[in-house]
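Student: Please model the complete structure; the sequences and the hints are all you need to start from.
These protein sequences, in sequence, are chains E and B. 384 is the number that our numbering gives to position 210 of the first sequence; each next residue is one higher, with no gaps. 226 is the number that our numbering gives to position 198 of the second sequence; each next residue is one higher, with no gaps.
Please keep in mind that the hints were generated in silico from the structure rather than gathered at the bench. Among the hints, a few may not be true.
[To be verified] Think about it this way: if two alpha-carbon atoms lie no more than 27 Å apart in a straight line, the pair counts; the simulated BS3-like pairs of lysine-lysine are:
(1) E/LYS326 with B/LYS157
(2) E/LYS180 with E/LYS233
(3) B/LYS230 with E/LYS312
(4) E/LYS356 with E/LYS312
(5) E/LYS285 with B/LYS65
(6) B/LYS158 with E/LYS233
[Stated by the list, open to error] With the Cβ distance kept under 7 Å, some of the chain E side facing chain B (calculated, not the full set):
(7) PHE259
(8) GLY277
(9) GLU282
(10) ARG286
All values derive from a computational prediction rather than experimental measurement. Glycine residues also receive a C-beta, built at the ideal position from the N, C-alpha and C atoms.
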Amino acid sequence: MSIEVKDLSFRYGKIVALDGVTMSLGEGAVGLLGPNGAGKSTLLRILLGFLVPERGEGKVLDYDIRREQSMIRRSVGYMPESDCFVAGMDAVTFTSYFGELSGMPRQEAMKRAHEVLFYVGLGEARYRLLDTYSAGMKQRLKLAQALVHDPKILFLDEPTSNLDPTGRQEVLELIRDISAHKSIQVLLSSHILDDIESLCETVVILKQGKLAAEGRMADLRTIHYSLYELRIKGDGAAFRKDLEGAGSRVDEMEDGLIKVYMPEASVRMDIFRAAARTGVQLRSFVKSRTSLEDLFAGVVGVD
Amino acid sequence: MATVREKGYSHWDGHLIARRFPWWPITRTGIQLAFRKKRFKIIFAGAFIPSFVFLVGLYVSERLEDFKTFLQGSDRLLNVGPKYFSIYFTNDSLLFLIVLVLAFGTGGLIADDLKHSSLQLYFSRPLSKKDYLIGKMSVIAFFVLILTALPGLVLIIFKLIFAGSFKFFLQYPWLPLSVLGYSALLTVFFGFYVLLLSSVSKNARYVLILIFGVYIFSNVLFGILQSIFRTPYMALFSVPANLQQAGAFLFGQKPPHAVPAVWSFAVLAAICALSALVLDRKIRSVEVIK
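Tutor: Right, dumping it as C-alpha cells:
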C-alpha cells in the first residue's frame with residue numbers, strides 16, 4: 175500500500191477535523207471526496223507533515239508521517255488549492271527553483287523545468303513573468319512544480335478549481351495521463367464529483383472528519399444500496415415517509431424526480447407496496463445506475 | 029495558449045540529493061530577485077558612496093602635504109585609527125543606506141511569500157522552518173556584509189597599501205576583528221529586524237514603510253523623550269542610537285551617549301529575541317490552513 179493511516183485524528187482547537195480515520199490506498203488514482211469541512215485538506219496536510227496528528231499513525235510509501243516527513247516530501251508532489259507563486263519570477267525559474275529545493279542538482283532542475291513546462295502546455299509562456307499568468311496558467315504551473323522532481327505520488331488539492339471548461343478538460347487530461355501511463359499515483363481531493371468520477375477508480379469519502387466510505391467506485395456503487403428514480407402522482411409526503419420508515423433515503427429533485435436509495439436488504443417491490451399503501455400512482459419507475467453524485471449523496475447526505 | 033502535452037512526460041533518471049545547506053537556493057534566488065529591480069540597483073550602487081568617501085579620506089590622510097590647501101586645518105579628521113573606522117561604521121548615513129537597501133531589496137522576502145501563499149510550496153519540499161528562515165536571513169546577511177564587512181576590510185587593506193607598511197596593522201591588530209564583529213552584529217540585528225517586519229504584512233510596500241518608519245520613529249521618540257526626561261538612557265529607545273553605542277564599544281571608542289553599551293546590546297538582543305518569537309509563530313504550516 176502506498177498510503178496507510180490508522181486511527182488518524184486531528185483537531186483545530188475544539189473543532190475535530192479528523193476523527194479516527196483508518197484507510198489503505200493502493201496504486202492508481204484515488205479520489206478524496208467530502209463536503210466542506212470534512213477533513214480532506216487536513217488529511218493531505220497530515221500526510222505531507224504540515225500538521226502533526228493528535229492521535230494515530232500513518233505511512234506514505236512506507237515512510238512514517240511523524241518521523242520521516244523529509245523523505246515523504248521528496249517522494250510527493252503537492253499541488254495546493256490556492257494560487258501560489260513567487261513574485262518576480264518566470265515559470266522556468268520558478269519550476270527549477272522548487273526542483274532544486276526538492277533536492278535536484280541545479281542544472282538538472284533547470285533542464286527538467288523546461289520539460290515539465292512543455293508537458294503542461296506552458297512551453298511558449300515559460301519565460302513570462304508569473305504575475306501576468308491567467309488562472310488557468312497558474313493552475314498548470316502548480317502542476318508543473320509538483321511534477322518537476324518526478325514524484326512517486328501526486329497530492330492534488332482541487333486541481334480544476336477556477337478553470338473554464340476547456341482549461342478544466344485539459345488539466346484533467348494531464349492528470350489522467352499521469353496516473354494512467356506514467357506510474358505516478360494520484361491522490362485527488364476535489365469537490366467536483368465529475369472530476370473524481372472521470373479520473374479515479376478508487377474513492378475515499380470523508381464526512382465530518384470520519385471515513386464515510388472507501389473502496390473501488392464500482393463496488394461502492396453496488397454494494398450499499400440500489401437507486402431508483404421515479405415520478406409519482408399523489409401524496410408525496412406520505413409516500414416519502416413510508417419509504418423512509420423502511421430505511422430508504424428519499425431525495426426530491428426540483429423537476430419532481432424522486433430518487434430512492436434503497437438498502438441492500440430491500441427489494442423494488444417495497445416501493446410499489448409503499449405506493450399502494452399511501453395511494454400514490456407511480457408514473458415512471460427506473461432503476462438507475464448510481465453516479466458518484468448519487469453515491470456521495472447516499473453516503474454523506476448532501477445533494 | 030498552447031495545447032497541453034506539447035511534449036510527453038518522461039521520468040527523471042537522476043537522484044535527489046540531501047544538500048548540506050538546503051537553504052542555499054532560497055538565498056541565491058532572493059539575491060537574484062533583488063537585483064531584478066531597477067530601482068534597487070541604483071540604491072545599491074549609491075550605498076557604496078560612504079565607503080568611497082572614506083577610501084578617498086584614507087588616500088588623502090597619507091598625502092596630507094599634497095592636499096594641504098584643500099584641507100585648511102581639517103586634517104585632524106583624517107587621523108586614521110579605530111575612531112576613523114568607528115565613524116565610518118556608525119555614521120547615520122551608512123546605517124540609513126543599509127536600511128534603504130534592505131527595505132527596497134529584502135522587504136518582500138516573507139511578505140511576498142505570504143501574499144502569494146507560497147509558504148506551502150516551500151514546506152512541501154524537504155525544508156524545515158529553520159532552513160527557510162536561514163535562507164531568507166542569508167539574503168539580508170549578503171547585503172549587510174557587502175556594505176559593512178567588505179568595505180571595512182578593503183579600507184584596512186587600502187590603508188596598508190597607501191601607507192606602504194604594516195605599521196597600522198601592527199598598531200591595531202584587533203581592528204579587522206572589530207570590523208567583522210560589528211558587521212556580524214549589524215547582520216544579525218537587521219536580519220531579525222527586517223524579517224520580523226516582513227512577516228507582519230502581506231504587502232511589501234507596507235513593509236518598506238515599516239522598515240523605515242520603525243527605524244526613524246524610534247530615533248524621533250528618543251529625541252522627544254530625552255527632551256522631556258533629560259536622561260541619556262532614552263537613547264535605548266532608538267534603533268540607530270543602540271547600534272552606534274554597540275559600534276563604539278566594539279571599536280574601543282567612547283559611546284556617543286552616556287549609557288553603558290551593555291544596555292544597548294541587551295536592547296538589540298531583546299529585539300532579536302522578540303523577532304525570533306514572532307517569526308516562529310508566523311512562519312509555520314498554519315499558513316497553509318485557510
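Student: Going through the earlier hints one by one, which of them does the structure break, listed in rising order?
Tutor: Checked against the structure, no hint fails, so every one of them is satisfied.
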